[in-house]
Amino acid sequence: MMAGAGPLARSTLVLAVAVVVHVGLLAHITPAGVIVDPLVLLAVAGGMMGGRSTGASFGGGCGLASDLILHTPFGMSLLVLTLVGYLSGAITEQIPSAGRLARAAIASLLAAGGIGLFAGAGWLMDLVYVTEAPIVRIAIVTGVASLLTNPLLERATRWALIIRPRMTVSPESGARGG
Amino acid sequence: MARRAGIRRRTWLRLALLVVTAIALLTLDARGSGGVLDTARGATLDLLGPVRTFGDWVAEPFRNAWRGIVSYDDLEAENAQLRGELAEAEASVLRVGELERDRQELLALVGARDAAPAIPRVTARVIDAPVSNFERTIELAKGRRDGIREGMPVESGDGLVGRVVQASTTRSRVELLTDPNFDAGVRIVRSGDDGLASGRGPGRDLEVSYIELETVVIPGETVVTSGFAGSTFPAGLLVGTVTDVEPDAVRGAQRVTVHPAADLERLRWVQVLLYEPNVPEPVIVDREPPEAEQ
Numbered sequence: 001m002m003a004g005a006g007p008l009a010r011s012t013l014v015l016a017v018a019v020v021v022h023v024g025l026l027a028h029i030t031p032a033g034v035i036v037d038p039l040v041l042l043a044v045a046g047g048m049m050g051g052r053s054t055g056a057s058f059g060g061g062c063g064l065a066s067d068l069i070l071h072t073p074f075g076m077s078l079l080v081l082t083l084v085g086y087l088s089g090a091i092t093e094q095i096p097s098a099g100r101l102a103r104a105a106i107a108s109l110l111a112a113g114g115i116g117l118f119a120g121a122g123w124l125m126d127l128v129y130v131t132e133a134p135i136v137r138i139a140i141v142t143g144v145a146s147l148l149t150n151p152l153l154e155r156a157t158r159w160a161l162i163i164r165p166r167m168t169v170s171p172e173s174g175a176r177g178g
Numbered sequence: 001m002a003r004r005a006g007i008r009r010r011t012w013l014r015l016a017l018l019v020v021t022a023i024a025l026l027t028l029d030a031r032g033s034g035g036v037l038d039t040a041r042g043a044t045l046d047l048l049g050p051v052r053t054f055g056d057w058v059a060e061p062f063r064n065a066w067r068g069i070v071s072y073d074d075l076e077a078e079n080a081q082l083r084g085e086l087a088e089a090e091a092s093v094l095r096v097g098e099l100e101r102d103r104q105e106l107l108a109l110v111g112a113r114d115a116a117p118a119i120p121r122v123t124a125r126v127i128d129a130p131v132s133n134f135e136r137t138i139e140l141a142k143g144r145r146d147g148i149r150e151g152m153p154v155e156s157g158d159g160l161v162g163r164v165v166q167a168s169t170t171r172s173r174v175e176l177l178t179d180p181n182f183d184a185g186v187r188i189v190r191s192g193d194d195g196l197a198s199g200r201g202p203g204r205d206l207e208v209s210y211i212e213l214e215t216v217v218i219p220g221e222t223v224v225t226s227g228f229a230g231s232t233f234p235a236g237l238l239v240g241t242v243t244d245v246e247p248d249a250v251r252g253a254q255r256v257t258v259h260p261a262a263d264l265e266r267l268r269w270v271q272v273l274l275y276e277p278n279v280p281e282p283v284i285v286d287r288e289p290p291e292a293e294q
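For the protein sequence lines, the chains are V and Y, in the order given. Residues 1 to 178 in the working numbering are what the first sequence spells out, letter by letter. Residues 1 to 294 in the working numbering are what the second sequence spells out, letter by letter.
Calculated directly from the structure, the hints in this document are not laboratory data. Incorrect hints may appear among the rest.
[Claimed, not checked] Which residues of chain Y face chain V? A few of them, derived with a C-beta cut under 10 Å, are:
1. Asp-29
2. Arg-41
3. Phe-54
4. Gly-68
5. Tyr-72
6. Asp-73
7. Ala-118
8. Ile-119
9. Pro-120
10. Val-122
11. Thr-123
12. Arg-125
13. Gly-203
14. Asp-205
[To be verified] So the derived label-pair ranges between C-beta atoms look like this:
15. Glu-88/Y to Arg-137/V: 56 to 62 Å
16. Thr-30/V to Pro-234/Y: 35 to 41 Å
17. Thr-12/V to Glu-276/Y: 50 to 56 Å
18. Ala-77/Y to Leu-152/V: 40 to 46 Å
19. Thr-30/V to Gly-35/Y: 32 to 38 Å
20. Arg-137/V to Thr-222/Y: 47 to 53 Å
21. Leu-13/V to Asp-158/Y: 30 to 36 Å
22. Thr-243/Y to Thr-30/V: 25 to 31 Å
23. Leu-13/V to Ala-77/Y: 46 to 52 Å
24. Ile-95/V to Ala-77/Y: 37 to 43 Å
25. Pro-234/Y to Arg-158/V: 56 to 62 Å
26. Arg-137/V to Glu-276/Y: 37 to 43 Å
27. Gly-203/Y to Val-21/V: 41 to 47 Å
28. Thr-12/V to Tyr-72/Y: 28 to 34 Å
From a predicted model like this one, the values you see are computed outputs, not experimental measurements. All C-beta atoms, glycine included, are put in the ideal place defined by N, C-alpha and C.
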């Protein structure tokens with residue numbers, strides 16, 4: 001049914017599924033006492049798949065969805081995840097030929113960095129409940145979650161943003177998916 | 001080359017637009033004029049309510065089993081302690097019942113009206129899973145449909161828990177009394193001195209300010225809400241007990257630390273007091289001099 005839908009409709013569907021999974025499932029599974037936020041992981045994957053421009057928009061969408069379900073100041077997640085999406089795209093553009101494992105490792109670092117950025121924004125806004133949270137533990141668990149789920153999230157964002165697999169030409173076999 | 005510059009410009013424009021939008025939303029939210037934002041959040045809370053409830057229902061047996069495994073000894077000790085407290089409470093209920101009957105009879109004898117009628121309450125289940133690592137509120141499975149409104153006090157069986165900060169049709173969010181934004185007028189029961197209790201962050205005790213240097217405050221004393229005019233809390237709700245007292249010579253007052261009576265880490269059921277403060281009506285001054293009326 002969604003095959004003919006545009007990137008906006010597909011992205012909205014992916015974000016809606018992420019929100020439902022977040023509040024219905026991930027809120028109850030807390031490795032090391034940490035809730036994994038799938039919207040942070042999606043913002044990273046969106047940036048890595050779509051580049052800095054699409055990453056900023058997709059990250060913004062993730063941030064807006066996050067702002068609707070959290071009780072942090074409205075706009076804080078929008079600001080942070082827009083930057084996360086943009087930076088993910090910008091960094092990935094510098095290393096276009098990274099393999100699947102390397103991409104997962106980069107995603108992991110970016111997701112952990114996203115948590116740091118969120119904490120930084122919380123510090124600027126003097127939000128004690130953000131700055132006094134166990135930031136390092138949250139960043140590590142989020143990073144590990146990103147490492148494990150990145151292939152799935154890349155697939156989901158590729159579908160949402162209608163990005164064809166990168167075609168690379170090999171001398172022996174012609175075109176193949178990258 | 002020109003095409004690449006165009007793409008770069010568009011990217012920067014898009015990023016700037018998103019950042020400006022975020023800052024505008026933050027400003028709206030900070031100024032408290034986020035009516036549309038609150039409505040949107042309330043609608044999302046209602047929309048996701050069934051998902052939250054279902055997730056909680058599925059996860060609860062597993063969570064309880066896990067707690068049972070990792071803290072069996074603690075649970076056993078807690079169970080024994082609760083049995084003792086229950087027996088004491090049952091005896092107290094009988095005594096309080098007798099006292100209440102006496103009070104009502106005396107009121108009837110002197111023809112007086114009960115000055116403090118019972119405040120209606122709504123019992124609500126706490127959704128036992130925050131959605132964020134940076135959560136400062138708890139979510140209740142009841143909302144406006146049940147009479148809950150923003151500002152209403154919330155307590156558990158042990159004492160004050162906080163106040164409602166957001167109420168949608170079927171859900172509400174409660175700001176805990178340990179939140180740095182929380183403050184309430186309180187009274188130290190023994191001395192009768194009033195002060196202002198403020199939250200200092202999750203897991204930390206409250207700080208009560210404006211207690212005069214001359215007032216003798218002893219650790220272990222009970223602190224309740226003072227319920228002064230216009231306060232969002234009625235008088236007499238148990239807040240906690242004094243744990244520490246420090247003179248603050250600079251302010252000319254004492255800094256009293258209070259440990260909350262309610263166990264905020266294990267809230268399963270709470271009661272929302274359907275209490276709305278009696279704000280004094282504005283006095284309308286008649287401009288006409290009394291002679292002119294006559």
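query: Hints broken by the structure, by number, lowest first?
result: 4, 5, 6, 7, 8, 9, 10, 11, 12, 14, 15, 17, 20, 21, 24, 27 and 28
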